[in-house]
Amino acid sequence: MAMMKITRDALPALYARIAAEQSLILPVKTAGQTNFGLWNETADVDLYALKTVKSAKDAFFPQSETLYTCTTEDKKITITPEKLTDEQFVVFGIKACDVQGIKVLDKVFLSAPVDSFYAARRAHGTIVAMACSAPSESCFCHAFGIDPTEPADADVVIWPVGDTLCWKAMTEKGEALTALAGDLLTAADAADETALENAKAFTKSVMQKLPYANLTLEGWGADKTDEKFNSPVWDDLYKGCLACGTCTFVCPTCQCYDIKDYNTGKGVQRYRCWDSCMYSDFTMMAHGNNRNSQMQRFRQRFMHKLVYFPTNNDGMFSCVGCGRCVDKCPASLNIVKVIRAFQKAEKGETK
Amino acid sequence: MPLNEKTGEFTPKIVAFCCNWCSYAGADLAGSSRLAYPAEVKIIRVPCSCRVNPMFILRAFEKGADGVILCGCHPGDCHYSTGNYYARRRMTLLFSMLDYIGVEKGRTRVEWVSAAEGVKFSTTMNEFAAKIHELGPNVRLEDLRCKN
Amino acid sequence: MQRIGVFVCHCGSNIAATVDVKKVVEMAAREPGVVHAEDYQYMCSEAGQAKIAAAIAEKKLTGIVVCSCSPRMHEATFRKCAERAGLNPYMVEIANIREHCSWIHKNMEEATEKAVILARAAIAKVNLNAPLKPGESRVTKRALVIGGGIAGIQSALDIADAGYEVDIVEKTPSIGGRMAQLDKTFPTLDCSACILTPKMVEAAAHEKINIYTYSEVEKISGFVGDFTVDIRKKARSIDANKCTGCGACQEKCPSKKSLSEFNRGLNTRSAIYTPFAQAIPNVPVIDREACIKFKTGKCGICSKVCAAGAVDYEQKDEIFTEKYGAIVVATGFDTIKLDKYDEYAYNQSKDVITSLELERVMNAAGPTKGHLERLSDGKHPEHIVFVQCVGSRCSDERGKPYCSKICCMYTAKHAMLIRDKYPDVKVTVFYIDVRTPGKNFDEFYRRAVEEYGVNYIKGQVGKVAPQPDGSLLVQASDLLDNKQIKMKADMVVLATAIEPDPSVRPLATMLTASIDTNNFLTEAHPKLRPVESPTAGIFLSGVCQGPKDIPETVAQAGAAAVKAIGLLAKDKLTTNPCTAKADELLCNGCSTCANVCPYGAISYEVKLINDHGVREDRRIAVVNNALCQGCGACTVACPSGAMDLQGFSNRQIIAEVDAICR
Amino acid sequence: MQELINRAKELLADGTVVRVLGWRKGDMDYNPEVAYFNSAEELDNFVYDGFCGANLSKYMIEASKLEGKTLVFLKPCDTYSFNQLLCEHRVDRDKAYIIGVGCRGKLDIEKVKAQGISGITAVSGTELDGPDSIKVSTIYGDFDVAYTDAMLERCHVCKGKEHKIYDELIGESKDTHDMDRMAAVAAIEAMSPTEKFAYFQAELSKCIRCNACRNVCPACSCRKCVFDSTKFDSQQKANVDSFEEKMFHIIRAFHVAGRCTDCGECSRVCPQGIPLHLFNRKFIKDIDELYGKYQAGETADQRAPLVNFTFGDAEPSIVNERGSK
Amino acid sequence: MSNVSKIEKQAALIREISGVNPYKCMKCGKCSATCPAFDEMDIKPHQFVSYVQEGNIAALAESKSLWKCLSCFACVERCPRDVKPAKLIDAARQIVEREKGGDYLMADEIPTLLDPELPQQLLVSAFRRYRR
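First to last, the sequence lines map onto chains A, B, C, D and E. Under our numbering, think of the first position of the first sequence as 1, with each following residue one higher. Under our numbering, think of the first position of the second sequence as 1, with each following residue one higher. Under our numbering, think of the first position of the third sequence as 1, with each following residue one higher. Under our numbering, think of the first position of the fourth sequence as 1, with each following residue one higher. Under our numbering, think of the first position of the fifth sequence as 1, with each following residue one higher.
Just so you know, these hints were derived from the structure itself, not from any lab. Check each hint, because a few of them may be wrong.
What the hints assert, rightly or not - The calculated lysine-lysine pairs, modelled on DSS-like cross-linking and capped at a C-alpha distance of 25 Å, are:
id, chain 1, residue 1, chain 2, residue 2
1, D, Lys-231, C, Lys-607
2, D, Lys-231, A, Lys-239
3, D, Lys-65, A, Lys-239
4, C, Lys-252, C, Lys-369
5, C, Lys-607, D, Lys-113
6, C, Lys-256, C, Lys-298
Given the sequences, and given the hints that come with them, work out the whole structure.
Listed below in structure tokens is the structure:
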């Protein structure tokens with residue numbers, strides 16, 4: 001498909017046109033913070049924000065979702081499974097790192113046994129990815145082989161270039177959306193292509209100047225369990241951890257959830273909600289918790305992202321370098337510090 | 001279901017926590033004196049007003065109550081001597097917080113009713129129910145999951 | 001899951017007339033957990049209880065809900081019934097569908113719907129009930145009687161006669177109380193001292209009774225069966241063991257200007273004094289405020305004249321601690337202050353007196369040696385006006401809202417006695433109502449009118465104005481004649497309202513006994529438990545509970561004694577099992593709960609806790625079940641929810657909330 | 001800073017303490033982390049500057065369980081929290097050696113970023129005795145930012161720079177109080193119920209139930225929070241339908257009412273920038289107005305307002321008379 | 001307006017203006033005992049309360065008592081039941097005055113109302129009270 005373009009001014013019209021047909025999820029600013037949310041006429045769209053607080057994960061794997069509802073009438077219980085998504089929707093403006101995050105979730109939820117709720121959303125969702133123009137100090141997607149200027153595996157990719165956005169459909173779904181956009185899109189010309197190439201080059205140059213430009217994953221990856229698991233480095237690293245769930249809940253790849261019941265008075269709604277392996281009651285069982293110290297819980301999170309996941313998924317890390325945890329950890333701990341602490345220790349350097 | 005299925009009128013759910021020693025007995029006296037108040041009011045017996053946790057009150061709203069009232073012995077007359085003094089501070093602060101987050105004033109109330117004040121119990125409940133009728137259904141503190 | 005039985009009572013037509021009990025049964029039967037539901041005419045009857053017992057046995061019920069009258073009425077009945085049928089009594093919950101439902105609603109549909117919801121809430125609660133077992137505590141076989149008036153003396157004698165040790169604590173130097181101040185008693189007109197003094201002597205001589213006069217209760221801790229009380233014996237400045245009661249010291253004492261408390265300030269006494277001749281103990285007290293020795297260091301005459309060498313200026317207050325199983329409160333009353341009633345000129349004229357002052361005037365041992373005379377000039381009065389309801393039945397802050405109960409009768413008595421002794425004296429009584437319910441009471445009042453010619457006028461006195469000639473101008477209304485009357489009087493006697501002795505307020509706080517807005521101690525039940533305080537182990541005797549005359553006081557004193565004896569006769573008490581309990585795994589040991597506990601029932605210990613495999617020493621709250629009364633203040637103070645109240649647990653109350661809001 | 005390191009080394013060397021609880025240099029100039037230092041050598045990575053905002057009092061709960069004394073550095077506001085924890089028997093005074101450190105307000109990198117500064121590579125001038133403006137280096141060039149413009153909200157309404165408990169003091173503090181602490185609360189109080197509701201609805205709708213506010217809070221020191229406990233039927237992690245966040249934040253504020261020292265950690269750590277301190281401050285304002293001025297943590301032996309009363313306390317109906325329409 | 005509802009309305013109005021609950025009266029007569037203008041009155045203070053209880057406002061409006069009350073408030077002070085007869089009288093006066101129309105007390109009416117035995121102060125207070 002040929003490169004198209006749309007002016008920034010035309011975006012509201014585009015949103016309205018899409019939203020008339022499908023749900024449109026995009027970065028919306030509420031009370032000073034930008035998160036993915038449903039578009040409506042009054043929504044304060046913040047498409048150009050580099051990072052939403054939470055990733056776009058909610059669009060396919062919401063923080064809380066009902067699985068089924070039990071209603072009691074007299075002594076009879078009726079179980080009504082929650083309907084799977086059967087309507088098309090568009091997630092607009094996902095960055096390359098978050099698109100990669102969705103690929104990580106696919107590995108978990110789309111391999112057997114398939115998670116039908118997730119699968120239904122993936123089947124009905126159209127992803128419009130947006131290339132980065134100005135990555136910031138906490139970005140390190142390059143370490144995972146992600147090019148922020150070329151989001152992979154999206155249905156449509158858009159590139160902001162000055163007051164225009166270049167638009168390219170990548171899949172059939174993307175073409176359908178392009179058709180829906182209709183006359184709001186015009187064909188891009190050679191000048192646009194040149195401007196786009198310049199913009200990409202600029203973004204790459206920014207990437208190289210950022211503090212995490214030289215970050216590598218040396219020493220991490222599949223089959224590193226034995227050398228990492230018992231390392232004394234963990235014991236030193238975890239001390240500041242508050243055991244909160246911030247890193248988990250802003251992460252585009254964390255996929256653990258808890259299943260709980262909500263008493264509605266007329267019965268029970270069984271729902272699942274994100275859970276965090278940092279929480280002391282994570283996977284709590286009758287006998288207690290299989291990880292009963294914060295060090296163990298802290299270790300679990302990073303080992304999972306950097307060792308266990310690649311071990312089980314052909315080397316794919318379950319971190320995409322979005323840097324949200326770097327920005328948001330209340331205790332200023334983050335995955336980069338963990339990666340580097342081990343690299344230093346393994347090189348025999350002192351901290 | 002706040003609306004009466006037959007009449008379509010708003011029939012609020014009102015939870016009244018009553019201490020065992022004064023207010024519950026006051027409610028009994030209202031009953032034996034045949035002093036009517038709306039059937040919307042349902043009483044939960046607690047040993048003392050100080051047994052009422054703010055979480056119970058929020059819980060009631062969550063589950064669809066439209067008004068919550070707490071009745072206890074008059075200050076100075078608590079069966080446990082000091083319970084209602086603690087309840088008084090707790091409820092004052094809680095109600096102030098509810099007001100602060102935009103819950104309508106008057107959806108919560110504390111009234112001291114002695115075992116001898118059947119009339120006061122009945123008057124209070126009538127007044128409170130009238131207030132809740134005036135305020136309409138609680139929408140600011142309910143959990144939508146309990147709606148259907 | 002519990003197996004719950006629901007029993008719906010018709011209470012004759014009390015419930016069934018407004019609540020469709022069959023519908024309640026039908027709806028309750030549908031609730032999860034309910035395996036049995038039935039209705040019956042009177043569940044509390046023997047037949048009704050038999051039905052419950054049968055269902056418990058047949059259906060193997062683990063919990064029952066009785067939809068009936070208030071739990072305050074029959075909870076105990078149904079608990080006992082369950083216990084007899086082999087079910088833990090705390091597996092019973094009551095849905096109050098009478099007082100809280102059928103009696104207040106007229107619309108059957110509405111009342112039935114509410115009854116169903118109340119039943120549901122009780123079912124939801126009982127689903128979470130757990131069997132509770134009462135604990136045991138021992139009973140100290142000794143009683144404390146606070147107040148040495150006729151009420152206290154009678155209670156003490158009755159308890160002592162049953163074989164238990166009794167201590168009487170009286171704050172004044174002698175027992176006897178108000179009754180000792182009275183001249184004659186209605187309606188028999190026998191001499192008050194003549195019938196009281198033998199009782200005082202009997203109490204003093206009783207081997208099981210110890211009397212602590214000039215003493216006050218300082219501190220009370222503990223609980224029913226096991227109170228610990230600190231008693232302050234104020235320094236008498238006399239060694240009671242040495243004093244012979246000869247009275248020489250009082251005669252010689254040069255400081256004689258103190259107002260006599262016993263004679264209501266109508267005359268004076270010496271600084272070293274016994275309040276009255278028949279005082280028990282007959283040991284004087286030095287009023288250190290008035291004593292020259294204490295004020296200036298010089299004098300010491302009493303010590304010099306005391307042959308027994310009993311005077312001890314160095315004596316100090318002494319505090320001792322004693323344990324009691326039961327406490328009888330008999331703190332009595334006083335008349336109210338009349339400062340705010342300017343219209344009666346009480347503070348302006350010596351000839352306007354209270355009825356209690358008149359008792360002293362009429363008494364042979366009183367300030368006038370029993371002669372009826374004006375206190376201003378000693379003249380014989382020609383006309384005496386009695387004013388009823390002074391400060392009683394008054395809804396403003398000047399007086400008391402209640403009827404003082406005794407005034408109608410003692411006024412009739414006074415009027416009669418005066419007319420009898422001084423037929424020349426005219427007596428007028430202004431009344432609003434004459435209230436004479438009592439044996440031989442109305443007859444007594446009629447005698448005053450019919451035989452003694454006392455002039456009763458319906459109407460209140462508006463104003464008493466002292467005149468330049470020393471007489472009093474009484475302005476009143478005669479409501480039956482619709483006239484305003486102005487009459488001269490030589491004396492005006494005010495039937496002053498009585499109020500509980502002010503010492504009762506701090507005492508009630510120490511006892512954690514409740515008190516009403518008029519400072520009368522509250523009874524556990526106004527009809528069925530009139531002599532017990534709601535606080536277990538505290539019994540009420542005399543006017544501290546409400547206005548009453550002597551026979552009623554004596555009757556109540558006896559009743560309080562019987563209740564106390566009933567308690568002391570037990571070796572052990574079962575304690576309320578609805579107590580607070582801390583979950584060791586959740587407790588932070590932060591002491592917040594202990595800060596709000598009114599009974600000091602919470603202490604802390606450091607304990608090795610195994611929290612799902614994590615072992616550590618933790619500071620943990622421990623509740624003393626004998627001290628805990630189950631108010632639940634701690635449960636809300638506790639942020640982690642570690643503290644919970646058995647029988648009214650968080651989850652139980654939440655279940656009720658959920659059921660009601662469903 | 002060097003003075004702190006030197007003194008810590010001395011105290012380690014002479015056996016007064018067996019470990020040091022402080023801040024360690026981060027991988028950026030603005031993200032130092034809380035860490036233990038067990039040796040003089042480790043202390044070379046110690047840092048104390050404007051970004052060391054973490055309140056170390058709460059870490060002393062765990063440190064109190066360890067063998068031997070821990071040297072802890074507390075800023076003036078942190079000492080209130082320490083006192084409050086002492087009051088509640090959650091820390092052991094004998095296990096702590098407290099060095100009160102000076103403070104000239106703490107910095108928030110988000111405030112710097114909010115000025116449109118991005119691509120940060122270095123920040124300098126943040127030390128205690130540093131200049132009035134900090135220098136922010138970025139890949140796009142260098143910027144000067146006034147120290148106070150980068151300061152946390154809590155420092156603008158600072159309770160004062162006096163340490164309430166310490167063994168020794170090091171470093172001069174600078175008064176940073178330049179705003180009315182209760183102004184924001186009063187502004188909300190003056191809103192109509194609908195405005196109030198809309199305001200809090202918008203703020204709380206952002207909450208992701210990460211529990212950072214709770215876990216950082218020195219007053220939220222429960223071994224197991226009611227919201228994690230199965231004993232209360234209050235366990236909840238869902239992020240749905242508007243009620244649960246209100247329940248969580250109201251009850252959390254209520255549980256710390258009268259115990260909250262207003263240290264501001266909750267707002268500092270909230271990933272969604274919810275002004276959580278507005279809940280706690282509302283209670284503080286009410287307590288001050290209704291029951292007399294009270295500052296939690298002022299001393300270690302106070303009786304908190306919610307476990308106290310006077311006979312003449314205001315009736316709950318006063319709420320209907322105060323505030324907005 | 002029907003007669004019944006007018007009576008009820010006036011009785012209610014008296015209660016509202018005076019802030020007095022006449023049913024608190026226990027018929028002790030202390031007000032009448034206290035009243036300095038008792039002899040001048042056709043309806044005595046304590047009866048006044050009964051009239052309000054019964055709703056017999058018409059008779060009160062006609063009564064001399066209305067204008068004989070000195071507003072000394074002795075009865076208000078001394079009433080043990082907080083019934084305040086003088087306030088009832090005062091309220092009745094106001095009702096009568098209000099019925100007369102906008103201007104309550106006209107200056108030229110005063111001479112006919114003047115009574116040498118009435119204290120001057122009452123007149124002044126009447127001006128203050130009703131003219132405003």
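Hints and how they fare:
1. For the proposed pair Lys-231 of chain D and Lys-607 of chain C, the alpha carbon gap of about 21 Å is at most 25 Å, so the pair holds.
2. In summary, the hint linking Lys-231 of chain D to Lys-239 of chain A is not supported, as the alpha carbons are separated by about 29 Å, beyond the 25 Å threshold.
3. Of the pairs offered as hints, the one joining Lys-65 of chain D and Lys-239 of chain A holds, with about 14 Å between alpha carbons and a cut-off of 25 Å not exceeded.
4. Distance check on the hinted pair: Lys-252 of chain C and Lys-369 of chain C sit about 21 Å apart at the alpha-carbon level, within 25 Å; holds.
5. Annotation: proposed proximity of Lys-607 of chain C to Lys-113 of chain D is violated, straight-line Cα distance about 50 Å (limit 25 Å).
6. For the hint pairing Lys-256 of chain C with Lys-298 of chain C, the CA-to-CA distance comes to about 16 Å; that is within 25 Å, so the pair holds.
Checked against the numbered hints given earlier, the structure breaks hints 2, 5 and satisfies all the rest.
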